[in-house]
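Chemist: Construct the complete structure from the given sequences, taking the supplied hints into account.
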Amino acid sequence: MKPEESATTGADLLVKALIDEEVEVVFGYPGGAVLPIYDSLFKQNRLRHILVRHEQAAVHAAEGYARSTGKVGVVLVTSGPGATNAVTGLTDALMDSIPIVCLTGQVPTHLIGNDAFQEADTTGITRPCTKHNYLVKAVADLPRSVHEAFYVARSGRPGPVVIDLPKDVLMNKHDYVAPQKPIEHKSYKPRTKPDRALLHQAIELMAKAKRPVFYTGGGVINSGPNASRLLTQFVHMTGFPITNTLMGLGAFPASDPQFVGMLGMHGTYEANLAMYNCDVLINIGARFDDRITGKLAEFSPNSTKIHIDIDPSSINKNVRVDLPIVGDARRALKGLIDIWQKKQPRTDQKALKAWWKQIDEWRGRNCLAYKQDAETIKPQYALERLYHHIKDRDHYITTEVGQHQMWAAQFLKFEKPNHWMTSGGLGTMGYGFPAAIGVQIAHPDALVIDVAGEASIMMNIQELSTAAQYRLPVKIFILNNQYMGMVRQWQELLHGGRYSESYSEALPDFVKLADAFGATGLRCTDPAKLDETIQQMLAIEGPVIVDVAVDKAENCFPMIPSGAAHYDMLLGPADRAARPVSEEGMVLV
Amino acid sequence: MTSSHTISVLVDNEPGILARVVGLFTGRGYNIESLTVAETNAAEKLSRITIVTAGTPMVIEQIKAQLDRLVPVHKVHDLTLEGAHIERELALVKVRSSGEKRVEALRLANVFRAKVIDAKTDSFVFEVTGTTDKVDSFIGLMSALGLVDIGRTGIVAMTRGGEAL
Numbered sequence: 000m001k002p003e004e005s006a007t008t009g010a011d012l013l014v015k016a017l018i019d020e021e022v023e024v025v026f027g028y029p030g031g032a033v034l035p036i037y038d039s040l041f042k043q044n045r046l047r048h049i050l051v052r053h054e055q056a057a058v059h060a061a062e063g064y065a066r067s068t069g070k071v072g073v074v075l076v077t078s079g080p081g082a083t084n085a086v087t088g089l090t091d092a093l094m095d096s097i098p099i100v101c102l103t104g105q106v107p108t109h110l111i112g113n114d115a116f117q118e119a120d121t122t123g124i125t126r127p128c129t130k131h132n133y134l135v136k137a138v139a140d141l142p143r144s145v146h147e148a149f150y151v152a153r154s155g156r157p158g159p160v161v162i163d164l165p166k167d168v169l170m171n172k173h174d175y176v177a178p179q180k181p182i183e184h185k186s187y188k189p190r191t192k193p194d195r196a197l198l199h200q201a202i203e204l205m206a207k208a209k210r211p212v213f214y215t216g217g218g219v220i221n222s223g224p225n226a227s228r229l230l231t232q233f234v235h236m237t238g239f240p241i242t243n244t245l246m247g248l249g250a251f252p253a254s255d256p257q258f259v260g261m262l263g264m265h266g267t268y269e270a271n272l273a274m275y276n277c278d279v280l281i282n283i284g285a286r287f288d289d290r291i292t293g294k295l296a297e298f299s300p301n302s303t304k305i306h307i308d309i310d311p312s313s314i315n316k317n318v319r320v321d322l323p324i325v326g327d328a329r330r331a332l333k334g335l336i337d338i339w340q341k342k343q344p345r346t347d348q349k350a351l352k353a354w355w356k357q358i359d360e361w362r363g364r365n366c367l368a369y370k371q372d373a374e375t376i377k378p379q380y381a382l383e384r385l386y387h388h389i390k391d392r393d394h395y396i397t398t399e400v401g402q403h404q405m406w407a408a409q410f411l412k413f414e415k416p417n418h419w420m421t422s423g424g425l426g427t428m429g430y431g432f433p434a435a436i437g438v439q440i441a442h443p444d445a446l447v448i449d450v451a452g453e454a455s456i457m458m459n460i461q462e463l464s465t466a467a468q469y470r471l472p473v474k475i476f477i478l479n480n481q482y483m484g485m486v487r488q489w490q491e492l493l494h495g496g497r498y499s500e501s502y503s504e505a506l507p508d509f510v511k512l513a514d515a516f517g518a519t520g521l522r523c524t525d526p527a528k529l530d531e532t533i534q535q536m537l538a539i540e541g542p543v544i545v546d547v548a549v550d551k552a553e554n555c556f557p558m559i560p561s562g563a564a565h566y567d568m569l570l571g572p573a574d575r576a577a578r579p580v581s582e583e584g585m586v587l588v
Numbered sequence: 000m001t002s003s004h005t006i007s008v009l010v011d012n013e014p015g016i017l018a019r020v021v022g023l024f025t026g027r028g029y030n031i032e033s034l035t036v037a038e039t040n041a042a043e044k045l046s047r048i049t050i051v052t053a054g055t056p057m058v059i060e061q062i063k064a065q066l067d068r069l070v071p072v073h074k075v076h077d078l079t080l081e082g083a084h085i086e087r088e089l090a091l092v093k094v095r096s097s098g099e100k101r102v103e104a105l106r107l108a109n110v111f112r113a114k115v116i117d118a119k120t121d122s123f124v125f126e127v128t129g130t131t132d133k134v135d136s137f138i139g140l141m142s143a144l145g146l147v148d149i150g151r152t153g154i155v156a157m158t159r160g161g162e163a164l
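For the record, the sequence lines run as chains A and B. Going by numbering that gives the first Met the number 0, the first residue of the first sequence is number 0, and it counts up by one from there. Going by numbering that gives the first Met the number 0, the first residue of the second sequence is number 0, and it counts up by one from there.
It is possible that some hints are incorrect.
As the list claims (entries may be wrong) - Here are the simulated EDC-like cross-link-like pairs (lysine to aspartate or glutamate), alpha carbons at most 16 Å apart as the crow flies: (1) B:Lys74 with B:Glu103; (2) B:Lys63 with A:Asp278; (3) A:Lys188 with B:Asp135; (4) A:Lys185 with B:Glu13; (5) A:Lys207 with A:Asp278; (6) A:Lys185 with B:Asp132; (7) A:Lys207 with A:Asp347; (8) A:Lys188 with B:Asp11; (9) A:Lys185 with B:Asp67; (10) A:Lys551 with A:Glu374; (11) A:Lys136 with B:Glu13; (12) A:Lys356 with A:Asp391; (13) A:Lys185 with B:Glu43.
To be clear, the hints were calculated from the coordinates, so they are not data collected in a lab.
Modeler: Right, here's the structure in full:
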């Protein structure tokens, strides 16, 4: 047999292993060290390769794919700069617990450590930004490493896994070993089954609650669509109010009367005050992030806290809880429903009624109110109109990072899980557009919209070329205020209005830019023409950039200034001068 | 509130494992007072890492949870919380002196049951084993008697009684 006819080079084994893991799409960019893999890809038609224009975008696209499908997103990049470019995406996936397997090329084993061309210490660099990583030094270890990587990436609290593949390993030959199912790992054993006795205790606490609130996060989404269904069922059974984190939006239908909106720094007045005043707090799959808690010493000071999380290290990290339960959200919810149904606890209806009355009073403040005039488009208005036109269509929303992201979270309504992808933990500008590409690849017929700011979109604008190549009808909806809006807002509120370097100088003409990449560009500056522009965008079949000129000075409210407590919210521009931010708060981001 | 804990971690002896553990401590701002590592089970390729760290109870709990989250970590045991255990440290202590000081160094070494493992006409290298306190006090005494060099292993520890970790 001639060598080129052999089907068992490391690269071929890799492709076979990916197919066995039911991978359909790989987002990548070729280079010297991964040429054998690209050669193997060329010779088959089971795996589809999507060529991005920058490796960071490959990871974000894989994240979008993973978050909208629940599958593992797969990335393929070359050694050195290919791997280092992927680092931001990997960190993003780690922070938001997104299952990713990233294959990186590496110089041949005998050159490792010699500062060879395009060599980087990839496992060293990615160690703190992955759930786990592998350097495969022998072709015999390759298939096992791949199967193990997929298992680690998708099980427990999901996350990114890197497999570093030296070029000689990709070219050496070996027999393929199919994965063993179910995989038993000798040391990695995530705890998914919650302790039944603790679930009983949780139900007892909930049954006695006078002012309860559910606070749920991305863990429910990661646990699969069934977890969201069970959450909805359980929240309905109890009649308690529920708030979601930025990552958890969509796990409970936003239109449901029991939903009090998102909580946290830019959350609703009613959600944050419910958190502050509650007596029993039920956290499912959220991690008491600093954007949620505000001032820790005054975070929900009088509540008994129940925390259900699959990751034991998330428990008692920032906030000490009274009843920690380690387990998968879906299994925990199933158990809770089961116990509730059996016990039929008699909740304190009088107290709950008073609690809802209080919440409705807070709701009455209408904390998301804004004033639209005939002159300039308010960003909130643009999003309300956008939602009006898309709400009856199957749609997925991604965002970049900043004011537009928070407005999107506030003004778009999320009824279903896996339809909202945003960079929550890392806050990566440039996330939304490549993520939208990944979503569109997974759902070719769906409406995918990247809500963007004019500054963020510039960070991965090169991906217009990818969208054009694959004819992906992604819609980029830019709220253009000519500022890095959130930076400008903080400079206004915290730094005496000294807008240091936050003006978006020398912006491109987005309409012409779209044209240059074979997409369609639309611009809207007049509130009266906004509906027409959105309808036009939705009618166009290919990729569209909509440049919406919005009010440059609009700030995102409500806002809990950094270092402040939940009750200390700024509700609008009039609030701003009353309470200067403490020095303690100034150092926080 | 801050107290010292001795944590025993059983890990796969694979490349990069120490970097994972140490990187976790530096990345999350925990402190390491002492760290020892060596393979303890060649057949199963397992190493035992003994870490002495200090923190509030909440931080210690977090350190253990974070260690347990590393994929190649099999077991994490807080020996300080899990009942009686013993700790030992070994130090090599080099002393250069002559006359009365040299004699005194040798006599104290005897008191501490330190062994002479190298001797020249003007120097000794002592090997001393014991708790950190004992090693500290031996070194303290030697500093007045011509101490020139110290090498310490850091703490290794084990639970009392017949049970394995």
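Chemist: List in ascending order the numbers of the hints, as given earlier, that are violated by the structure.
Modeler: 1, 2, 3, 6, 12
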